[in-house]
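Hey, can you work out the whole structure from these sequences and the hints?
Just so it is clear: in the sequence shown, position 61 is 61 by the UniProt record's numbering, and no numbers are missing.
One or more hints might be untrue.
Unchecked claim - Pairs of lysine-lysine, DSBU-like flavour, derived with a Cα cap of 35 Å: (1) K41 / K29; (2) K21 / K41; (3) K21 / K33.
FYI, nobody ran anything at the bench for these hints, they're computed from the structure.
Owing to the predicted nature of the structure, the values given are computational and were not obtained by experimental measurement.
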Amino acid sequence: METLSFPRYNVAEIVTHIRNKILTGADGKNLSKNDLYPNPKPEVLHMIYLRALQIVYGTRLEHFYMMPVNSDVMYPHLMEGFLPVSNLFIYLNSFLPICRVNDFETADILYPSK
Numbered sequence: 001m002e003t004l005s006f007p008r009y010n011v012a013e014i015v016t017h018i019r020n021k022i023l024t025g026a027d028g029k030n031l032s033k034n035d036l037y038p039n040p041k042p043e044v045l046h047m048i049y050l051r052a053l054q055i056v057y058g059t060r061l062e063h064f065y066m067m068p069v070n071s072d073v074m075y076p077h078l079m080e081g082f083l084p085v086s087n088l089f090i091y092l093n094s095f096l097p098i099c100r101v102n103d104f105e106t107a108d109i110l111y112p113s114k
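Next comes the structure, spelled out in structure tokens:
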């Protein structure tokens, strides 16, 4: 991480900021440096992304788990695991270009890397 131009803060400062500003309560207290670096855990990143979108857009948590009313799915139980990730990607895909992150892909949610 020291050789990269982004992020400019060290891991401890990033974890402290996430604990104080993004994740609050038990989620923030349980967050550790090992959750994000060197191998980020997908479930921790999902939680951070969801909370950041809630803060910025005012989106309620239920919206990530709701299926559109006008879609007719033959096997809705198959959508249960895919729907939160899909909705998270849709929201992040519109939000991250505003933050000048133009190379965001679905794999960044499913298989996060350094």
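Taking the hints in turn, this is what the structure says about them:
no. : hint      : in the structure
1   : K41 / K29 : 16 Å, holds
2   : K21 / K41 : 20 Å, holds
3   : K21 / K33 : 16 Å, holds
Taken one by one, the earlier hints all hold for this structure without exception.
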